[in-house]
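Novice: Sequence:
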Amino acid sequence: MPMGSPVSPILAQYVMDDLLAECINRLNFEIPFIKKYVDDIILSVPLGSIQQVLHIFNGYSPFIQFTVEEEDENKSVPFLDTKVFRAENNILYTSWYTKPGASGRYLHFASYHPMKQKINLLLGMKNRVLRTSHRSKTMENLRKLAQLFLKCGYPRRLVNKILFNRDNDLQVLSPSHSVLDDGLGSTSHTNNVVNNISVHSNSSYFSLPYIE
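First residue of the sequence shown? That's 1 in full-length UniProt numbering, and the numbers climb one at a time after it.
Any given hint might turn out to be false.
To be verified - Taking CB as the label site, the calculated pair distances span:
1) I24 <-> E69: 16 to 22 Å
2) A110 <-> K36: 37 to 43 Å
3) R86 <-> K116: 39 to 45 Å
4) L47 <-> R157: 46 to 52 Å
5) G59 <-> S136: 35 to 41 Å
6) L54 <-> A12: 18 to 24 Å
7) K36 <-> A87: 20 to 26 Å
8) H55 <-> G124: 38 to 44 Å
To be verified - Derived pair list, reagent style EDC-like, types lysine to aspartate or glutamate, alpha-carbon separation capped at 20 Å:
9) K151 <-> E88
10) K35 <-> D81
11) K35 <-> E71
12) K36 <-> E73
13) K83 <-> D72
14) K35 <-> D17
These aren't lab readings, by the way, just hints derived from the structure by calculation. From the three backbone atoms N, C-alpha and C, an ideal C-beta is built for every residue, glycine too.
All chains should be built: construct the whole structure from the sequences, respecting the hints.
Specialist: And the structure:
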């Protein structure tokens with residue numbers, strides 16, 4: 001299927017649905033759960049049945065071949081931009097995840113873009129972390145996100161205002177300190193904070209035209 005063709009996503013969806021229906025029907029055991037996003041699949045199978053499942057899926061077509069990533073020692077496996085954890089009681093929960101090779105680069109604060117666009121980027125990434133992270137992982141992931149934006153030149157005060165709704169430096173926010181109790185994720189509160197942000201109010205900005 002050609003990349004960029006408007007019909008490609010429809011055909012890919014049809015092929016994957018047919019593949020799953022046929023392959024699951026060939027298994028001699030029941031799958032507790034299976035989730036799919038385009039051609040990425042996460043599923044739970046009985047211990048020792050992984051290679052059997054992989055063989056059946058790869059037998060669907062020689063042009064469609066899968067690889068498998070098993071649960072690690074932390075009882076977790078990455079799926080898209082999340083990492084799925086399995087608790088002791090077999091309850092699943094997720095955490096925001098970035099691949100080890102991810103650059104961590106976002107729109108740099110010094111770039112010639114409207115301030116509102118940079119603030120919206122911070123808000124959007126914060127919301128992604130909140131949506132994909134279990135409450136036990138939220139603070140850890142917000143700290144990680146804050147460090148990424150600080151490396152992209154964002155002022156610490158701006159990052160803390162938006163991600164933590166506080167003026168404090170990240171260093172003084174100990175793990176025992178509950179930022180969640182301070183309205184984290186509250187849209188109205190966040191908007192009020194953003195509206196009151198004044199970054200480098202004594203700075204002057206100008207643009208230089210590029211002449212080839």
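Novice: Would the hint linking K35 and E71 be met if the CA-CA limit is 20 Å?
Specialist: Distance of about 16 Å is within 20 Å: holds.
Novice: Regarding I24 and E69, is the given constraint of 16 to 22 Å on their beta-carbon distance met?
Specialist: holds, 19 Å
Novice: Kindly confirm whether 38 to 44 Å is satisfied by the beta carbon distance between H55 and G124.
Specialist: Given range 38 to 44 Å: holds, Cβ gap about 41 Å.
Novice: Please work out if K83 and D72 have their alpha carbons no farther apart than 20 Å.
Specialist: The given pair, whose Cα atoms are some 11 Å apart, holds under the 20 Å limit.
Novice: With the threshold set at 20 Å, check whether the alpha-carbon distance from K151 to E88 stays at or below it.
Specialist: violated, 36 Å
Novice: Confirm or reject the claim that K36 and A87 have a C-beta distance inside 20 to 26 Å.
Specialist: 23 Å Cβ-Cβ, so the 20 to 26 Å window holds.
Novice: So the hint says 18 to 24 Å: do the beta-carbon atoms of L54 and A12 match that?
Specialist: holds, 20 Å
Novice: With respect to the beta-carbon atoms only, verify the hint that R86 and K116 lie 39 to 45 Å apart.
Specialist: holds, 41 Å
Novice: Range first: 37 to 43 Å. Now tell me if the beta carbons of A110 and K36 are that far apart.
Specialist: holds, 41 Å
Novice: Measuring from beta carbon to beta carbon, are G59 and S136 in 35 to 41 Å?
Specialist: holds, 40 Å
Novice: Given the hint that K35 pairs with D81, test it: the Cα-Cα distance must not exceed 20 Å.
Specialist: Cα-Cα ~14 Å, so holds.
Novice: Between L47 and R157, does the C-beta distance stay in 46 to 52 Å?
Specialist: holds, 50 Å
When each numbered hint is compared with the structure, violations occur for hints 9 and 12.
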